[in-house]
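Respectively, the protein sequence lines represent chains A and B. Under our numbering, the first residue of the first sequence is numbered 1, with each subsequent residue one higher. Under our numbering, the first residue of the second sequence is numbered 79, with each subsequent residue one higher.
Do not take every clue at face value.
[What the hints assert, rightly or not] Straight line, CA to CA, 35 Å or less: simulated DSBU-like cross-link-like pairs of lysine-lysine:
hint: 1; chain 1: B; residue 1: K212; chain 2: A; residue 2: K76
hint: 2; chain 1: A; residue 1: K76; chain 2: B; residue 2: K149
hint: 3; chain 1: B; residue 1: K301; chain 2: B; residue 2: K468
hint: 4; chain 1: B; residue 1: K468; chain 2: A; residue 2: K49
hint: 5; chain 1: B; residue 1: K301; chain 2: A; residue 2: K29
hint: 6; chain 1: B; residue 1: K212; chain 2: A; residue 2: K29
hint: 7; chain 1: B; residue 1: K149; chain 2: A; residue 2: K66
hint: 8; chain 1: B; residue 1: K212; chain 2: A; residue 2: K66
hint: 9; chain 1: A; residue 1: K76; chain 2: B; residue 2: K153
hint: 10; chain 1: A; residue 1: K49; chain 2: B; residue 2: K212
hint: 11; chain 1: B; residue 1: K301; chain 2: A; residue 2: K53
hint: 12; chain 1: A; residue 1: K53; chain 2: B; residue 2: K182
hint: 13; chain 1: A; residue 1: K51; chain 2: B; residue 2: K301
hint: 14; chain 1: A; residue 1: K29; chain 2: B; residue 2: K468
hint: 15; chain 1: B; residue 1: K174; chain 2: A; residue 2: K53
hint: 16; chain 1: A; residue 1: K48; chain 2: B; residue 2: K468
hint: 17; chain 1: B; residue 1: K149; chain 2: A; residue 2: K49
hint: 18; chain 1: B; residue 1: K117; chain 2: A; residue 2: K76
hint: 19; chain 1: A; residue 1: K51; chain 2: B; residue 2: K149
hint: 20; chain 1: A; residue 1: K48; chain 2: B; residue 2: K182
hint: 21; chain 1: A; residue 1: K48; chain 2: B; residue 2: K149
hint: 22; chain 1: A; residue 1: K49; chain 2: B; residue 2: K117
hint: 23; chain 1: B; residue 1: K153; chain 2: A; residue 2: K66
hint: 24; chain 1: A; residue 1: K51; chain 2: B; residue 2: K468
hint: 25; chain 1: B; residue 1: K117; chain 2: A; residue 2: K48
hint: 26; chain 1: A; residue 1: K51; chain 2: B; residue 2: K182
hint: 27; chain 1: B; residue 1: K212; chain 2: A; residue 2: K53
hint: 28; chain 1: B; residue 1: K468; chain 2: B; residue 2: K117
[Said to hold, decoys possible] Just the calculated beta-carbon pair ranges, DEER-fashion:
hint: 29; chain 1: B; residue 1: E458; chain 2: A; residue 2: G16; range: 52 to 58 Å
hint: 30; chain 1: B; residue 1: L238; chain 2: A; residue 2: V40; range: 45 to 51 Å
hint: 31; chain 1: A; residue 1: V40; chain 2: B; residue 2: T355; range: 36 to 42 Å
hint: 32; chain 1: B; residue 1: R260; chain 2: A; residue 2: V40; range: 39 to 45 Å
hint: 33; chain 1: B; residue 1: A179; chain 2: A; residue 2: V20; range: 26 to 32 Å
hint: 34; chain 1: B; residue 1: R260; chain 2: A; residue 2: S36; range: 35 to 41 Å
Note that these hints are calculated values from the structure, not bench results. Where is the CB? At the ideal position from N, CA and C, for every residue including glycine.
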Amino acid sequence: MSVEEIVKDVLINDIGMDDVAVSLNSRLKEDLGVDSTELVEVIAALEKKFKIKIPEGIIGLRSSVKDIVDFLNNVKVN
Amino acid sequence: MKRQVVITGIGIVSPAGIGKDEHWKNISSGGSFVSEITKFDAGRYPSRIAGQINGNLDTAVGALNLTPLPKRLLKKIDRFSHLALMASEFAIADAKLNLDAEDKERVGVFIGNVIGGWEFAEVELRDLYAAGLKEVSPYQATAWFPAAPQGQISIYYGLLGYSQTIIADSASGLVSIGSAYRAIQEGEADVILAGGSEAPISPYGLLCCNTSGALTNRNEDPKAAYRPFDKNRDGFAIGEGAGIVILESFEHAAKRGAKIYGEITGFSMTNDGIHPTKQDVEGRQFARAMQTAIKEAGIAVDDIDYICANGSATKEGDIAETKAIKAVFGKKAYQMSISAPKSAIGNLLGAAGAVDAATTLLAMENSFVPPTVNLENKDESCDLNYTPLKGREHRMKAALVNSIGRGGVNAVMVVRG
């Protein structure tokens, strides 16, 4: 699976979002209705799935799925 | 002038069935729905049986043409909130209550519960000790606490009215309905979703219940284990479930042409004031609660056609209930139709009294007394007609619902059909 597919899988299966709602351009708060509590879950789920520690402030309510994918691809490369 | 309060909708999720029709069909059948606990290894527990809700909850909801809860929400709540939301959805549909047409500031939520969301909480507790603070779910605070169902129901339906969470051990569900009755009587709300919910079948939840010393240890024969008023009883089995009724002022129900199951005409509560876990074997305050509720209802004891008994199945609890009924009803006690339908499904703790109240309304609607399961050899100290093994047809115009909680809580409600 690509990083994008894994991130979407986390949002859909771990967080429980509707699969039709999650696209690359979806913004966490504005499009997907994520609040500050759910953001903690999203980050924790991503850290567990990718086995990394995501520094504070990298993923926020304004982040989009693409922002998350880009960050993770960058981490992978490095 | 106090307003009349009627019941217009019933929602039940119990070990006997998902939805009131399946619940009623099974609880009136004489069968037992108590079984060995399988969702985790309960092998070390003294009592390791329970009334469990089997089957996929979402499939059952879909089959009733109702909307399943979003899976995103389910990940944030404990099972006891899930059951409460389902029972609420069933009750609202049964009442044909269109919430969009209501003034939601006049619609409240009263929920009874005992132990809170331990299924969710103990996973987080384990993660705390095994992996540290960061592994604990951010929903721990909102998933666990006993008032979570009240909050979740109010959020899900946008209900803004006078609301409460009631904790009175296994009397919580009946006290919740009784308190909601008082609130509508006094004009605090026009409609209240009232009842109780409990999901105690988790390692720690089961431990909490086992340490009371009141649970049956008849693990080798779960279906025969919970046997109120029987001389071989040794305690009760727990169960999970939720019961919600829609209470409305009579005016509000009549205005929208609602079907009315019955009217609540009396409610009372007393305390034994004797022991943390054992009832007063003389049933003195239990009797007083019955007398006060019947007095409020403005009827004679002879007008009561059925008693939905608490059915503790503890040695002293069943004797206490028998003595209390005799103290209130005198000779009439021996002609009274009485039964403990919870013998079929277990004591649902915070939901027990609410499911008992709902079952009583269904009994009245069907003119049929559901049986006390497993009552094969009556204890000579419990010599009343507790409807052993098989239900029977019986017209009921007024009924009593009894509900007991640890610490000596006695709650009694009068309903008129």
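Hints, one by one, checked against the model:
no.	hint	result
1	B:K212 x A:K76	23 Å, holds
2	A:K76 x B:K149	31 Å, holds
3	B:K301 x B:K468	15 Å, holds
4	B:K468 x A:K49	55 Å, violated
5	B:K301 x A:K29	50 Å, violated
6	B:K212 x A:K29	22 Å, holds
7	B:K149 x A:K66	24 Å, holds
8	B:K212 x A:K66	25 Å, holds
9	A:K76 x B:K153	29 Å, holds
10	A:K49 x B:K212	15 Å, holds
11	B:K301 x A:K53	51 Å, violated
12	A:K53 x B:K182	45 Å, violated
13	A:K51 x B:K301	47 Å, violated
14	A:K29 x B:K468	57 Å, violated
15	B:K174 x A:K53	50 Å, violated
16	A:K48 x B:K468	55 Å, violated
17	B:K149 x A:K49	20 Å, holds
18	B:K117 x A:K76	39 Å, violated
19	A:K51 x B:K149	25 Å, holds
20	A:K48 x B:K182	42 Å, violated
21	A:K48 x B:K149	20 Å, holds
22	A:K49 x B:K117	26 Å, holds
23	B:K153 x A:K66	24 Å, holds
24	A:K51 x B:K468	59 Å, violated
25	B:K117 x A:K48	26 Å, holds
26	A:K51 x B:K182	46 Å, violated
27	B:K212 x A:K53	11 Å, holds
28	B:K468 x B:K117	31 Å, holds
29	B:E458 x A:G16: 52 to 58 Å	56 Å, holds
30	B:L238 x A:V40: 45 to 51 Å	28 Å, violated
31	A:V40 x B:T355: 36 to 42 Å	40 Å, holds
32	B:R260 x A:V40: 39 to 45 Å	40 Å, holds
33	B:A179 x A:V20: 26 to 32 Å	31 Å, holds
34	B:R260 x A:S36: 35 to 41 Å	38 Å, holds
In summary, the structure is inconsistent with hints 4, 5, 11, 12, 13, 14, 15, 16, 18, 20, 24, 26, 30 from the numbered list given earlier, while agreeing with the others.
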